[in-house]
Amino acid sequence: MRSALLFISLLVFWCFLSGVTIDPSDAEHPINVQLVIASLISAALVVWISVRMGIVDGEGQPLRGLGSILVYLPWLTWQIVRANFEIARVVWSPRLPIQPRFVELPLRLRSPLARLTYANSITLTPGTVTIQVDDDHLLVHALTDSTARDLESRVMEAKLEPLDAKARSA
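Sequential numbering from 1 applies to the sequence shown in this note's numbering.
Rather than coming from a laboratory, the hints here were simulated on the basis of the structure. Computed from a predicted model, the values in this text were never measured in an experiment. Virtual Cβ for every residue (Gly too), placed ideally from N, Cα, C. Hints are supplied without guarantee of correctness; some may be wrong.
[To be verified] Here are the simulated distance ranges between beta carbons:
1) His137 / Ser42: 38 to 48 Å
2) Ile80 / Leu139: 18 to 28 Å
3) Leu96 / Ser42: 28 to 38 Å
Please model the entire structure based on the sequences and the hints provided.
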């Protein structure tokens, strides 16, 4: 079942990237048979390689956590936008008020999916970069005291706790 879901997901992604529309009644934009055949072969090849490598598993397709992700992504997007403006203000300031430092964050999240999402979310947010992920903590470089305080407040980690719970129950 997971292989079929991966195959369908890859086909949809291919169609999205290539601009293919599956509308037989659209005479102005006929279906390109070579493109469809190439997409089928490519998707099948990726699925075959993934199955042979043993990487098609429940963690790779976190459908149980989809609702949590859909709630988290708008919040993360807002944090990224907000941080962009804050870092732009810092960079354009004549005094360049940066206070770079490393912050060690203890981890409450237990599932690999939630930890990965947390570490990557930190790195996506301007002014912070995840340097190291260990079993019980993250090491993060923060550009300003403000970004370090935001991390230490653990709001981002708390937003990922529903995903962590769902990923662990899978």
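Hint check:
no.: 1; hint: His137 / Ser42: 38 to 48 Å; verdict: holds (40 Å)
no.: 2; hint: Ile80 / Leu139: 18 to 28 Å; verdict: holds (21 Å)
no.: 3; hint: Leu96 / Ser42: 28 to 38 Å; verdict: violated (48 Å)
The structure fails hint 3 only (numbered hints given earlier).
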